[in-house]
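Colleague: Given only the sequences and the hints, what does the whole structure look like? Please build it.
Heads up: the protein sequence lines correspond to chains P and F, in order.
Quick note: the first sequence uses this note's numbering, first residue 1, plus one each step.
Quick note: the second sequence uses this note's numbering, first residue 1, plus one each step.
Since the hints were derived computationally from the structure, they do not count as laboratory data.
Possibly wrong hints are sitting among the right ones.
[As the list claims (entries may be wrong)] Okay, derived cross-link-like pairs now, SDA-like style, lysine to any residue, Cα gap no bigger than 25 Å in a straight line:
id : chain 1 : residue 1 : chain 2 : residue 2
1  : P       : K26       : F       : S90
2  : F       : K112      : P       : V137
3  : P       : K26       : P       : E102
4  : P       : K24       : F       : D83
[Said to hold, decoys possible] Chain P residues, not near chain F, derived (Cβ > 12 Å throughout):
id : residue
5  : Y12
6  : E19
7  : A30
8  : D34
9  : N35
10 : L77
11 : T108
12 : G132
13 : T138
[Unchecked claim] To spell it out: a stretch of chain F is covered by chain P in this simulated footprint if at least three of its residues, at any positions, have a beta carbon under 8 Å from a beta carbon of chain P; those stretches are:
id : stretch
14 : 2 to 11
15 : 22 to 31
16 : 82 to 90
C-beta atoms are modelled at their ideal positions from N, C-alpha and C, and glycine is treated no differently.
Here is what each chain is made of, one letter per residue.
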Amino acid sequence: MALNRDFVGRTYPPSAPYEVSRVKIKEFAAAIGDNNPLYRDREAAQAAGYPDVIAPPTFPIVFSLQSGGEALVDPELGLNLAMVVHGEQRFEYVRPVHAGDELVMTSTITDIRTAGANELLTVRSDIRTVAGEPVCVTYNTIVERGGAG
Amino acid sequence: MTATVRYDEVEVGQELPAAEYHVRRVNLVMYAGASGDFNQIHWNERFARMVGLPDVIAHGMYTMAQAGRFVTDWAGDPGAVVDFGVRFSSMVVVPDDDRGAPISVSGVVEEKLEDKRVVVGLTARSGDAKVLSKARAVVQLS
Chain P
1 MALNRDFVGR TYPPSAPYEV SRVKIKEFAA AIGDNNPLYR DREAAQAAGY
51 PDVIAPPTFP IVFSLQSGGE ALVDPELGLN LAMVVHGEQR FEYVRPVHAG
101 DELVMTSTIT DIRTAGANEL LTVRSDIRTV AGEPVCVTYN TIVERGGAG
Chain F
1 MTATVRYDEV EVGQELPAAE YHVRRVNLVM YAGASGDFNQ IHWNERFARM
51 VGLPDVIAHG MYTMAQAGRF VTDWAGDPGA VVDFGVRFSS MVVVPDDDRG
101 APISVSGVVE EKLEDKRVVV GLTARSGDAK VLSKARAVVQ LS
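Modeller: Given below as structure tokens:
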């Protein structure tokens, strides 16, 4: 079933603050097999000019879909989550995420389109600190396989 | 942030030495836990086949993270990556064995921008399949 185009342009309320911890960054770095000391060693990170350990570039995926996540399970949208795979992903950074950040996401569905037999849905998430400082913007496109049929 | 690569020493067309990573089932379990993405297509072979996949597939974000590691290792400072985007063009099928699936990543400097930034075009393959396309990172060099 085609996705409901009425959802394009919907912006969801800001997420609850996500608190970035050293432990979570270390866990994420271990999961991707990356031993970079700037992800684990606070002194090394500070020597490189950061306030604390920084996160790998793809780390915001851990929380960036949370504020838009409710849209994806809204039956009105018509998404079959069992058929979903990731289509595209982009991170645009103002600065790296680091431990101690408290981040708030605001997500908007920016596009829904058909590509062959599939439906594609794009969510943009603006990520800022609780104080309002912009940190990064993520663009996430998911594919519903066979959704256009 | 301080990249160890100097803008003046980089040329358009310069290739970054390729690297190969391996993804095994245990990596997917770890990644599911770390990322919170517990979609069954990444760890449940029965479910993956039921929805028409050949086997369990890696999270696209796991593959993207390997391409990210390739760039951050080159740049010398992960904070130097200011823009990073990919399209997931093919799936990385992860067999239930000790070796897992290979992900080989290579890169080329495609463009020199202002403010000591460069565009690195990335390619990631697993076996015969190109698993990332339109993959590019903008890196702030020294």
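Colleague: If a hint holds in the structure, say so; if it doesn't, say that too.
Modeller: Structure-based check of each hint:
| no. | hint | result |
| --- | --- | --- |
| 1 | K26/P / S90/F | violated (29 Å) |
| 2 | K112/F / V137/P | holds (23 Å) |
| 3 | K26/P / E102/P | holds (17 Å) |
| 4 | K24/P / D83/F | holds (22 Å) |
| 5 | Y12 | holds (18 Å) |
| 6 | E19 | holds (15 Å) |
| 7 | A30 | violated (7 Å) |
| 8 | D34 | violated (5 Å) |
| 9 | N35 | violated (9 Å) |
| 10 | L77 | holds (17 Å) |
| 11 | T108 | holds (18 Å) |
| 12 | G132 | holds (20 Å) |
| 13 | T138 | violated (10 Å) |
| 14 | 2 to 11 | violated (count 1) |
| 15 | 22 to 31 | holds (count 3) |
| 16 | 82 to 90 | holds (count 7) |
In summary, the structure is inconsistent with hints 1, 7, 8, 9, 13 and 14 from the numbered list given earlier, while agreeing with the others.
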